[in-house]
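Generate coordinates for the entire structure from the input sequences, incorporating the hints supplied.
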Amino acid sequence: SQQGEEDPQALSIQEGENATMNCSYKTSINNLQWYRQNSGRGLVHLILIRSNEREKHSGRLRVTLDTSKKSSSLLITASRAADTASYFCATVRAGGTSYGKLTFGQGTILTVHP
Amino acid sequence: DAGVTQSPTHLIKTRGQQVTLRCSPKSGHDTVSWYQQALGQGPQFIFQYYEEEERQRGNFPDRFSGHQFPNYSSELNVNALLLGDSALYLCASYTQGAGGPKETQYFGPGTRLLVL
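Protein sequences, first through last, are from chains A and B. Just so we're aligned, residue 1360 is where the first sequence starts under the numbering used here, counting upward by one. Just so we're aligned, residue 3 is where the second sequence starts under the numbering used here, counting upward by one.
BS3-like mimics (lysine-lysine), calculated; alpha carbons at most 30 angstroms apart, straight line:
hint, chain 1, residue 1, chain 2, residue 2
1, A, K1460, A, K1429
2, B, K15, A, K1460
3, A, K1429, A, K1415
4, B, K28, A, K1415
5, A, K1429, A, K1385
6, A, K1460, A, K1415
7, B, K28, A, K1460
8, B, K15, B, K28
9, A, K1385, A, K1460
A few chain A residues facing chain B, derived, Cβ under 7 angstroms:
hint, residue
10, N1390
11, R1400
12, H1404
13, G1459
14, G1464
None of these hints come from the bench; they were simulated from the model. This structure is a prediction, so every number in the text was calculated from the model and none was measured. For glycine and all other residues, C-beta sits at the position ideal for the given N, C-alpha and C.
Written as structure tokens, this is what we have:
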């Protein structure tokens, strides 16, 4: 079963606009990761945020984590048509026995119109 | 530096048949995980191999089995295929050997399996 939910399921914006995707999860986590997937191909790792971190930046990406609400958000600034893809959050559950097992959400389909 | 590679890219089988998918991890990685991604869904964890042993397993039946070789490459075997096994099968690798685990996992392009 999926760990959590992503919101919205689909997002359509114009080039240059910002895109925000949200992810909720159910259990205590070690870290949370965001991945991008183009047209049903392999997943590309975007950014990882640990449970003791609240915000991370990487280029045009900004990720926040609120462990009290069990939620995370991914912000893509100044979006480009090339950002069109599905975006997934994935969590690694806290506790040594689950290390490395990624539990994914359902994903958000982002479409950026030129 | 080659990333994670998987073969074949596409496969068509009929119900009841058996299939073997292959994965070569990224150079320097010693741990391989397999995921199943149904159309329109997020990937689901099947199992993980480290030091040639299955270390963790998701909620998948025994029809799904695997192997890891001394060179860290891995195979996923599925027996008695069902229509519902049609999916994209993804392999991911990372290292948890010397120097401690590295958290970022790298995914291969996947094998798309269609069961008719």
